[in-house]
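Asker: Make the complex out of the two chains shown on their own, each in a separate frame, by following the hints.
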Amino acid sequence: MSGHDVSLDQIHSAHDHHLHPEPKTIWSKYIISYDHKMIAKQFLLLGIFWAAVGAILSMLIRWAVAFPGQPIPLVGALLFPHSNGVIPPDAYSWIFTMHGTIMIFFAITPVLIGCLGNFCIPLMLGARDMIFPWLNMASFWTMFASSIVMFASFFVPMGPSGVGWTSYPTLAHSQWSPGLGHSLWLVALFLAGTSSLMGAINYVTTIVRLRAPGMGYFDMPLTIWGLWLASILNALFIPVLTAGFLLLYLDRVFGTKFFLAAAISETGTQGDPILYQHLFWIFGHPEVYIVILPAWGVVSDLLSFFSRKPAFGAKWTAGSMTAISILSALVYGHHMFTTGLSPLLTSAFTTLTLLISIPSGIFFLNWLGTLWRGSIQFKVPMLFTMSVVFTFGLGGLTGLHLGAVTTNVMLHNTYFVVGHFHFTMAVAALLGGYAGVYFWFPKMFGRMMDEKLGKWHFWLSVVPIVVLFMAMMVAGYAGMHRRIYNPYEYNYLKHLLPINIVASVSAFIAGAAQLIFVWNFFRSMYKGAVASANPWGVGTFEWSIPSPAPHYNFDRIPSCHNGPHEFSNPAMKDRDFIYQNEYVEGVSRKLEPATSNH
Amino acid sequence: MSSPHALTGKPFDKDELTSRQFALFVALASSGMLFAALMLSYFLARARVPAWPPLGVEPVPPLIPLLSIPVLAIISGFLHLAWKRWLAADLAGFRKAWTVASIAGTAFLGLQVGLWIHLSQLGIRVDANLFSSVIWVLTVVHATHVLVAVALLWRLQFRILRPDGVRALSPESPRLVGYFWHFLDAVWIILVASLLW
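So the sequence lines, in the order shown, correspond to chains A and B. The end of the first sequence is residue 598 by the numbering used here, with every number in the run present. The end of the second sequence is residue 197 by the numbering used here, with every number in the run present.
No wet-lab data here; the hints were simulated from the structure. Remember, it's a predicted structure, so these values are computed and weren't measured experimentally. Be aware that a few hints might be false.
Said to hold, decoys possible - Anything over 12 Å on all C-beta distances counts as not near chain B; from chain A, calculated:
1) E22
2) V53
3) I61
4) L74
5) A91
6) Y92
7) G216
8) L397
9) D450
10) V474
11) Y485
12) V505
13) R523
14) P546
What the hints assert, rightly or not - So the derived list for chain A, only partly shown, Cβ under 10 Å to chain B, looks like this:
15) L45
16) I131
17) T142
18) L210
19) S231
20) A235
21) L241
22) L246
23) Q270
Just so you know, even glycine gets a beta-carbon here, dropped at the ideal spot from N, CA and C.
Next comes chain B alone, as it looks inside the complex (with noise of 0.2 Å):
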């Protein structure tokens, strides 16, 4: 049953299943399927070599991209949290926890851009071998859809810091970011771990 929610005002059932909810993993499923084909990709030219990294390519360095799994986590935390907070009508708390994602959102942009700087000194360019093309392509579409979640996350920002600001947003607007980040954490995690495999 929807009652008022205590800081929007607006009607509200945190168990509804809305319908902005139902489009985004719609939405959802759709770049599941864009990852999974670039992922069949991948795998396909995989399975055609016998090792890999190709003999006398150069393998990724392992640290920016493993170093970005625990930035994500903590976006993940922090989202949850933030959705707690919303719930218990605790403004302020709501607005640290979201201000700390937002920030480890930008950070992990940040920690791709330091990559691939890191992949361009190495020689991976995206057209060197197929091997450095792969990682590319994978992490600039991954990146592509973290740029839309870290604007979502500083829009949201920006609206929470005025009163009214927090009044007219959607009251299930801070779960639905929090979905968004959480399916590209778990996106991360798989092309991380496949492509360092």
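Chain A with its partners taken away, still in its complex shape (with noise of 0.2 Å):
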């Protein structure tokens, strides 16, 4: 394949010149590095410590939930000593805080695209780094700075901020919410986006300018496509968060009154809150699938590597993401239905918003397309995709509900809500995450994750997983209410007692089993079989080049000959793939040695 590669000296790329040299500290390696691939891996070790941390703070709501005024069983003393381990309201209400805030920002939003993005983009591009590596280190570090933020913000006086991930005022506002916490929470989010803006611009400008030569848009990995669009939804929409965040801290720390209604703000101006609501999610929609389309990228492509076909109408798949991320950006009034929308208004955000169920349909049909008649191969990445085809099924179905006003206003802020976010932004990204992780582990470290593990991990995640949260959906369904301390202080909600056990008992079996996952990943790092170039059998450029990947990736800038989702045509005889580098006559494009998108 090497031969009809493209040269360095031929292209004379211009981010070339830009290139690092070849670290030999171990602070230049591992501390202030350049390589992409070593900050992917830094984003995933922050996003892993993190998902612990948010995943423990998930299970004290579920003891809460499950066991009202029961002290913690081992820990509960120790975390809570002043009411004898029993989770006092104040803790709960910043424990579900900091579950939402943390697994959104600090463990998801790096692990898929932090992680995954900088790994993938410039293998699967043919590139040898990103675009702009002193930028991509910048992300990593603003990053880390945020995370020490928010991390400090639990040791304040009157604990970190209790105000839910929302972050609605006037709860949100001093007066309700004193101390310093919810305020570093704003300084760490605002870090946070500064970080994913950072990373955005990078990974737009690298997937417009570093693509190898001869790969369109269309030969792009379905993966690429996702973080693409993941990105240009972050680079649009992070900074109308920020704007209401920065009015938020106005508000706080500098006595504005932005948010403040008239009743209640000393000026008398017109503040008004719903105006925050509307900052909020005008970002927060669009967030859904900045945190999804990453994962159904990488769903999208191993479908296909796994059941070694091409992808069954993959321009349409890409097509559809990208019509859902214009239409994301229209559908955000669907949150604020119950705030007094015009009924015009919330019309039309109803229609929006079911428009989504078109291409969302398309794609997954098209899943399904891939997956028919292929030669599935049931290995760990593979599960977890397909897990992620059946959680987001589930997700994206109970979506419909809450799309429209009719079924929304009854469903507003129930666990019903929480349980099909959970499918669809919190499982179906987590479980694309873990797919991801698995596939390319071979290709960051060298080295194979245990596949017995791997396998022991998926199905003690996914079975508990999708009980929990649907068990969520039937309490939420039968009125239980979000957010609420013990619910069974409420005659109604007091029968939904056995179903929140239930729920709790599968939360803590999958927060067991992710326990199996930390020790597969740490130990297979040093101790995992030695992983071939190739392991997966699949054509894409970071599978045509050595594991762990080299620095700088490739010796030769590749080029583009093939899609990548070249399986099983008749014309390989020796193996079922074509690499994307590869030209073999008859089926892969000729390229012309001045073709670049350099």
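Answerer: Have a look at this one:
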């Protein structure tokens, strides 16, 4: 295949002027690293740390809901000594607030976008690094600074933020949430947003400018499509959230009253708490897709890879993801149906929201079409991939109830909403992240993760997780509101205790199962079976180079002759896939020597 | 087709969309969304009261905001002129035009500080009422961007004083700084028009 590669000398890629020398010291290799692969690993470790914190918090939530008023076994007295190990109401508020915040912004985002984005984009595009390596490094360290601020907020007087991850005023104002906790929360998320913005600019530019010679947009793996669209949404909508956070911070610290209604504003001028909700959800709904798009991309690719079939309707999948990205910017109002939006607006937002089901249906059917009559290999990455199809299907279908104003108003703020969004942006994204980590682990570390432990991890995670969030939706449908410290103080909710115990036990099993992953991950880094260059038999660029990927990735910049899903072509006799940079007579595209995207 | 730029000796094609240029456009789109969100907040707040400024609230004195517009026009004009001189390999002309732009950029920041002092003297403080909060937020966020833009102007200014500094420059740098300023001009004009209207 290398005979058809275009040499670096021929390309004279402008970005190569900025390439960094191979690091020689621990400091330059592991800490202040410009290498996209090392930065990906940094994001991954940071994400795993925060995912562990977020998961522990979720266990505390489930304990409180299933066993209200009872001390937490073993560690309760240590965590809450003043209440004899029982989670007090104020702590319950900060626990669910920090759980949501951490999982979305500090766990899923670093793993799916920070890690997989950094690792996959240059490798799958045939580039030697991100186009702006320095910006890439700055992005990670800004995220690290954000993490320190968020972590510090746990230890300030009056505790961390306890106003919910949505941070709605007026509750989020200093009068009702005094102390440093929520102000630090805002600063941390401002820094996290800055980090994501740096990453987004880098990702978008790299994808547009550094595709290998001959690689058109539809030759890009769908993972890259997902990351690209997520980055565009990040670049456009994070600033909107920043505006909301800035105004809220000024309200808290400088005494402005942007989000205080006239009735409670000292000066009587017309601040408006609903304005914050507009700003939050203009970002917040695209955020759902920012989180899930990379997972969709990974799933779309891995279904093809492990079915040994071309991705069914790959262009339509890419087009559908694009259509959803555009629509995602137009539907935020369905989060605000109960705020008194006009009927005209609610109808418009309902219609636009339900329109999303069309492109969603298209790519979902494409996923099924890819599986249809494939030679499916039930490896661990594929198991997680298929679980995303299942859980996202559940989440997507239950989203219809919340997209339509008629049912939304009834289900608003119930556990049905919590179950729904966990299926879509939490479970599907998390499982997609696991699929990606298991799949690219050999290319990251040059070793394989243990398959048997991976399967234990899979079954002990997915089954309880589905039970957990299904139970939540049932409880929500029965009228159980979210964020209530002790739901059973209300007579009409008392009968929901058993189902909540089932949900909590499921959560504890799923939580414990993550220890299997952690053990497998760290053990395999050092003691896993040595990985070959292409252990999965896949043709995208990264599998044409040794494992782990060497510094600068490619000796020579590869040229692209095929799509990313060239499987089971009869022209191939000795294997069932074709590398993207491989020229096969009668199958592959010829590339003019001058062709370059750089 | 790239050919060596006369002053820096580096390959350069003025018609080519470079990676840094593309990245700048993405960054400006992001920044534009920040201002759009703040403006949306402003207009929603304004739509909820019968009169703007609200009754009994001091209006913004228009002199300094309006005076800032020709200053910005001078900056953009001279940055454009500098770019033309840069393309024509006229280093002396480039230096002159850039110097005027750098001084005018600093003057704009001075005008901003003057505006804030004047506002404070009139009692239009950031926490006084929603009207004054809006003015402070919009002008401070814009000025934060301007501060970065002025830093970029002076950074390049000091580098072009030395011949080796000129050679070390990326040929597209003056254009990128210019784009940033043009963007800030447009934002300021929209901002002033909507605040004074």
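Asker: Confirm or reject each hint.
Answerer: Hint-by-hint comparison with the structure:
1. No Cβ of chain B approaches the Cβ of A/E22 within 12 Å, the least distance being about 23 Å, so the stated non-interface status holds.
2. Its beta-carbon lying about 29 Å from the closest one in chain B, A/V53 satisfies the requirement of being farther than 12 Å from that chain.
3. A/I61, annotated as away from the interface, keeps every beta carbon of chain B farther than 12 Å; the closest lies near 32 Å.
4. The claim that A/L74 lies off the interface holds: its Cβ sits roughly 46 Å from the closest Cβ of chain B, which is beyond the 12 Å cut-off.
5. Every beta carbon of chain B lies more than 12 Å from that of A/A91, the smallest distance being close to 32 Å; the non-interface claim holds.
6. With a closest Cβ-Cβ approach of about 32 Å to chain B, A/Y92 is found to remain outside the 12 Å limit, as its non-interface label requires.
7. With a least CB separation of 18 Å from chain B, A/G216 remains clear of the 12 Å interface cut-off, as annotated.
8. Even its closest Cβ contact with chain B, about 32 Å, leaves A/L397 beyond 12 Å, as expected for a residue assigned away from the interface.
9. At roughly 41 Å from the closest C-beta of chain B, the C-beta of A/D450 stays outside 12 Å, upholding its exclusion from the interface.
10. Residue-level check passed: A/V474 sits 38 Å from the nearest beta carbon of chain B, beyond 12 Å.
11. Distance check for A/Y485 against chain B: the nearest CB is about 33 Å away, which clears 12 Å, and the non-interface claim stands.
12. The claim that A/V505 is not at the interface with chain B holds, since no C-beta of that chain comes within 12 Å of its own (minimum 43 Å).
13. Distance to chain B confirms A/R523 as a non-interface residue, since its nearest Cβ pair spans about 40 Å, more than 12 Å.
14. Even its closest Cβ contact with chain B, about 28 Å, leaves A/P546 beyond 12 Å, as expected for a residue assigned away from the interface.
15. A least Cβ separation of about 27 Å between A/L45 and chain B goes past the 10 Å threshold, and the interface hint is therefore violated.
16. Annotation: A/I131 was flagged as interfacial toward chain B, and the flag holds, the nearest CB pair being 5 Å apart, inside 10 Å.
17. A hinted interface residue such as A/T142 counts as satisfied when its beta carbon comes closer than 10 Å to some beta carbon of chain B; here the least separation is about 15 Å, so the hint is violated.
18. Checking A/L210 against chain B: minimum C-beta separation of about 8 Å stays under 10 Å; hint holds.
19. Hint on A/S231 holds. Least Cβ distance to chain B is approximately 9 Å, under the 10 Å limit.
20. Given hint, A/A235 at the interface with chain B, holds; its Cβ is 5 Å from that chain's nearest Cβ, closer than 10 Å.
21. For A/L241, the shortest C-beta to C-beta distance to chain B is roughly 8 Å, which falls under 10 Å, so the interface hint holds.
22. A distance limit of 10 Å between C-beta atoms decides the matter here; for A/L246 the minimum to chain B is near 7 Å, and the interface restraint holds.
23. Hint on A/Q270 holds. Least Cβ distance to chain B is approximately 5 Å, under the 10 Å limit.
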